[in-house]
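Q: Listed in order, the protein sequences are those of chains Y and P.
Numbered according to my numbering, the first sequence spans residues 829 to 1482.
Numbered according to my numbering, the second sequence spans residues 829 to 1482.
Bear in mind the hints are in silico, worked out from the structure with no lab data behind them.
The structure displayed is predicted, hence computed values, not measured ones.
Do not rely on the hints blindly, as some may be mistaken.
As the list claims (entries may be wrong) - Facing chain P, a subset of chain Y residues (Cβ under 10 angstroms, in silico): (1) LEU848; (2) CYS862; (3) ARG868; (4) THR871; (5) GLY893; (6) VAL906; (7) ASN927.
To be verified - One side only, chain P facing chain Y, incomplete, derived with CB under 7 angstroms: (8) LEU903; (9) ASP922; (10) PHE924; (11) THR1210.
Note that CB positions come from ideal geometry on N, CA and C, so glycine has one too.
Protein chains: 2
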Amino acid sequence: MGEAKWIWYPGEFEIYHHMLLSFRRQEKGCDYPCVWPVSRPETGARFTKSFAAPAGGSFTVVTRGRGMVRIGSRLYRVNEPIAVPPGECRVEADVFDLNAFPSIFIDSDILVTDGSWEAELFDARPVPAACDPAFTRPQDDPAVFPFAYAPLSPAAREEICGGVLYDFGREQFGPVTVGVPEGGEITLVYGESREEALDPENAIVRETLTSADGAVRPARAFRYIAVLGEAAGKTALSAALEYLPMEDKASFSSEEPGLNAIWEVCRHTFHLNTREFFLDGIKRDRWVWSGDAYQSFMIARYLYNDPSVTERTIVALLGKPPYRRHVNTINDYSAYLIISLAEHCAASGRVGFVRTVWENVKALYAFIVSRLDARGYAVRRTGDWIFVDWGVLDKEDPVCFEQIVLWKAHLAMAELSRAMGEPDVYTESAAALKERILRDFWDDEKGAFIDSFASGRRFVTRQTNIFAVLYGLAEGERRAHVIRNALLNPALPAITTPYFKLYELIALCEIGEIAAAQEYISSYWGGMLREGATSVWEAYDPNASGAAHYAMYGSPYGKSLCHAWGSGPILLLCRYVAGVRLTDAGGKTFRVAPDPGTYKDFTATVPVGAGEVELSYKKPFCTVRATAPGGVFADGENETPLEPGKTYTFKLKA
Amino acid sequence: MGEAKWIWYPGEFEIYHHMLLSFRRQEKGCDYPCVWPVSRPETGARFTKSFAAPAGGSFTVVTRGRGMVRIGSRLYRVNEPIAVPPGECRVEADVFDLNAFPSIFIDSDILVTDGSWEAELFDARPVPAACDPAFTRPQDDPAVFPFAYAPLSPAAREEICGGVLYDFGREQFGPVTVGVPEGGEITLVYGESREEALDPENAIVRETLTSADGAVRPARAFRYIAVLGEAAGKTALSAALEYLPMEDKASFSSEEPGLNAIWEVCRHTFHLNTREFFLDGIKRDRWVWSGDAYQSFMIARYLYNDPSVTERTIVALLGKPPYRRHVNTINDYSAYLIISLAEHCAASGRVGFVRTVWENVKALYAFIVSRLDARGYAVRRTGDWIFVDWGVLDKEDPVCFEQIVLWKAHLAMAELSRAMGEPDVYTESAAALKERILRDFWDDEKGAFIDSFASGRRFVTRQTNIFAVLYGLAEGERRAHVIRNALLNPALPAITTPYFKLYELIALCEIGEIAAAQEYISSYWGGMLREGATSVWEAYDPNASGAAHYAMYGSPYGKSLCHAWGSGPILLLCRYVAGVRLTDAGGKTFRVAPDPGTYKDFTATVPVGAGEVELSYKKPFCTVRATAPGGVFADGENETPLEPGKTYTFKLKA
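Just chain Y, with the same shape it has in the complex (with noise of 0.2 angstroms):
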């Protein structure tokens, strides 16, 4: 017998856990429900196996759910032994749960429950079963999400006017235990800056409890924490981390100055972002959203090269159809979703992945094109939020942005239709429409993609076409308009939030000005630790001082100061400066083309499929190691092989 687990149909594990995560949002003392549709678990499954029973053994189908086990003709019960008689056996457990999501364990001497067993929804459609390695013994619940524990100790406990602050040193999140003494009462803030937790009217989360209430709290995000009433000098507190322990699979260091901080403090960011899903930040909403997803995908890739916390995602942003409103009410965020499936596909080669969540993504694809135009633009629908970005765009229908994401989409609709061995009816949809933009959006005047045509205005921003060059819309002498007219055009606007930033310097480092691209994180990042920041903020305007910095969307304390997508440069190094790039699906081959830049020295290891790729730079020389076979050093127009294992030293041109 292999090892038992606790088995169920696949994706209602990522489902349930993202339910229970969108509906944890609290904003002053208020349960804030998510604002679109949030999917739930189905109601029943079967799951069914077939085996040869020996004689004499028996085995018990464990369950939190109730129902029943059908073998032959006889009904038999869950949670108690059954006598098996001897022979082929078909074993068909029928489970529901409508606190949870239907499971079950199985772990005996002529049974196990394992991903061999068959799961279906009562619609005739078997699958193979799900389970995940930290559920394999009949205690664990699936229903509890496998997060790790480790107790946090304050760096300081200050008095202050009506209770005492908390300083957990650096951004935390966890469960906080309080111990109100009988018929006190306290108030609770959570900071993360030290304002924020002296400020209960402005604080994102706050709640006021009694000794009725329970000791441990919600698992929140914070830095301080004042606790606040009369009660609050007798209040025992203590605090610990709830993570996911994910092992780092890259790193870097470096002399430059400040860059070592700059690569903790994106890395520290972005663990605390590695939850159930990749969160956008540990603060506020707590919900998962596509584009910020979109961004964790790329960073993961490097900083984890673990497919488990991508695709736990990927299948809670998909949900379940029918699809009546846009992935988080966003039409670039419902692409962005399409796009990173292909993408994770393409990295990862995991194909087997694709196929168990194939149908709602033609079914997302679907509810896309049902909202097209008659021309095949994608345009703004009732209930649509077409975002792009913060920054001022022209957003009159259709938006330039918006069809060069639809293009995208089409495009990976097309490659992951190929990976599922079905005809691809997508590939033409995108030429269409690229002719189309071309036609429509492209300004032989300026050189460049305006926003919108139908306006009159005839806008050019960086966000356009910056993504006319990731996506590789424009092509050849386009590409070099574009290039010279917009991303490198100091006349146009700058880009003002890091979500859009990241796509710029990778945009940046894609055409080779990687040294713009270090000059930012120098200025950005380390501007941002220079202001005391011990996690990478949702925003920075180097121009703020003091608490100024913490305000957002009209609150005062509005602004996340731990957000996932601000842990770009991880990115950026392995990918840029390091240089290593997976060259097919799966990582079985690799390019490594270091770029130092202007840096004078580096040390990296970075992730490739089997193994790693390890660099040590100190200008000009570079010495590379690869672990894994595959793999080509270049620079230039050089290429060398690298054999595993085997350590080579280069002199990079200037």
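Assemble chain P onto chain Y, guided by the hints.
A: Okay, now just chain P, sitting in the frame of chain Y:
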């Protein structure tokens, strides 16, 4: 202020209670989950209302879920008073409830919740909120179905070997309360028959209890209850009837032998099966079946003339897209559901109700169409059950019966789309299908429709030809042939199930053979009563005897002894003997054309749209009085308008 009512998103109440119902089945001590996908409520909903707030007003949003209230940009807590600034004000309550379904209640001097609110599922498609007259107080809970209860006294208590047997006199349904003595253990055996209660091994419903179990047991069907075990004698037991207080709008009495008892047993059976939804039977699965419900809708239209249970049942059966399987897994049942809705709309004129389910109906129709073959024929796909009837039919694809109900479903969609003001794209499909059916399934030599042309067997069955007549596919000459060669052909196998028997009896009445129907009522229903039935059985074989009557589905007590479809005589007596039929949507016009058949007398009350028709027949005179306008009395060609409130006496033609 009007009356305050709990409000929710339309359909969520029904979906929730249907979900609970679908997972209440127990058999031989096992929980027996429903074997098709069962929909569940959405996680969250937004409720909105704009109103002019007076100065100094306040209200509380009561909910059993969680969430918040947004007025302008301010957030407020639920379940706490909210002081509203005076002036025009838009209230937005965002609520989630992962246990039941989102609902809120406001009862204040300045604002109440009711059908004037809008509800949406965060899909930007607000619709009028739903409510129910049973939930008007803050302490009411829409998650608890508003059944009524009445104590039941056992007609007899009898010491039996190993325990005590209670006889409640006739078929009942409700919770049983047991006081198991401390440390004792008993087994409750529920019996629709005495034999079943005395056979714990084979009884469908039994449970073993100790004093640690809850004293009030889930509501179940029983006439007899055996308490077994050493503690049985010391175990106090009481029972209650759990019922839906539905008012009878129809009555029928006669001096014909046995007819009053048949009416009463039919009525009792139908009331017991009228619950959250129309059940098939109250003992065994208690799932909602579309074919059974279709017949219940027809019966209910006469007995209750109240759309509530019919509409709840339609909503529950529809569930929510995406449709992954036919309704109850049965192809014909998906079609019946659409036909049921069209017939309900035609009879009640409740276009507003149709609108609340229209999107789902279209999705179900699309599902049906997606599974047709290239010729447009309904065929068996993976997971499908071509049921028709338990009787023997030639089910080699394509099956004629399935095409007839499909044809009717196309026509039903056409009717519904007209009611919804949408273009009719269905009539064309119906016409094409009809042509194909007549070409492929009509056998000129046999003068009837054959079940299958593909098998080469050219079987003629009553079932197929009954529907050709009932649905009007067979017209003119062809109809006459079908009647002669199938419906009245003694050489064809008889219909043996009461489910299909009702269709046959309706067809017989439609072709004027009322005496045959009356004879069958006396022999079949009368026969059951002579065997001691206190409710109508799922099936009855006059040639069986003793406990053999209770066997079905390979189990000695597998037969339901209280099955809704057995209440058909209510329909037959009201529609054909009393002869009352609505002639427009909502019953503003109606026709009274009694046909006493072999009966020498009867007195009947039959509801029409806004009133009722009272008839009293004593051969050959029929006295008629209608309380509502719009009626016409018809005797053959002669028609007499019925002035409301006025009593008419007609001498009926022989």
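Q: Now tell me if each hint is right for this structure.
A: Okay, the hints, checked on the actual structure:
The closest approach between the C-beta of Y:LEU848 and any C-beta of chain P is roughly 8 angstroms, which is under the 10 angstroms cut-off, so the hint is satisfied. Interface hint at Y:CYS862: satisfied, since its Cβ lies 6 angstroms from the closest Cβ of chain P, which is below the 10 angstroms cut-off. Checking Y:ARG868 against chain P: minimum C-beta separation of about 6 angstroms stays under 10 angstroms; hint holds. For Y:THR871, the shortest C-beta to C-beta distance to chain P is roughly 5 angstroms, which falls under 10 angstroms, so the interface hint holds.
At a threshold of 10 angstroms, the smallest CB-CB gap from Y:GLY893 to chain P is about 9 angstroms, leaving the interface hint in force. The restraint placing Y:VAL906 at the interface with chain P holds, with a minimum CB-CB distance near 8 angstroms, inside the 10 angstroms limit. Checking Y:ASN927 against chain P by beta carbon gives a least distance of about 8 angstroms; that is within 10 angstroms, so the hint holds. For P:LEU903, the interface hint holds, since its Cβ comes within 7 angstroms of a Cβ in chain Y; the closest pair sits about 5 angstroms apart.
Contact between P:ASP922 and chain Y, as hinted, is supported at the beta carbon level, the nearest pair being about 5 angstroms apart and thus within 7 angstroms. Annotation: P:PHE924 was flagged as interfacial toward chain Y, and the flag holds, the nearest CB pair being 4 angstroms apart, inside 7 angstroms. Annotation: P:THR1210 was flagged as interfacial toward chain Y, and the flag holds, the nearest CB pair being 5 angstroms apart, inside 7 angstroms.
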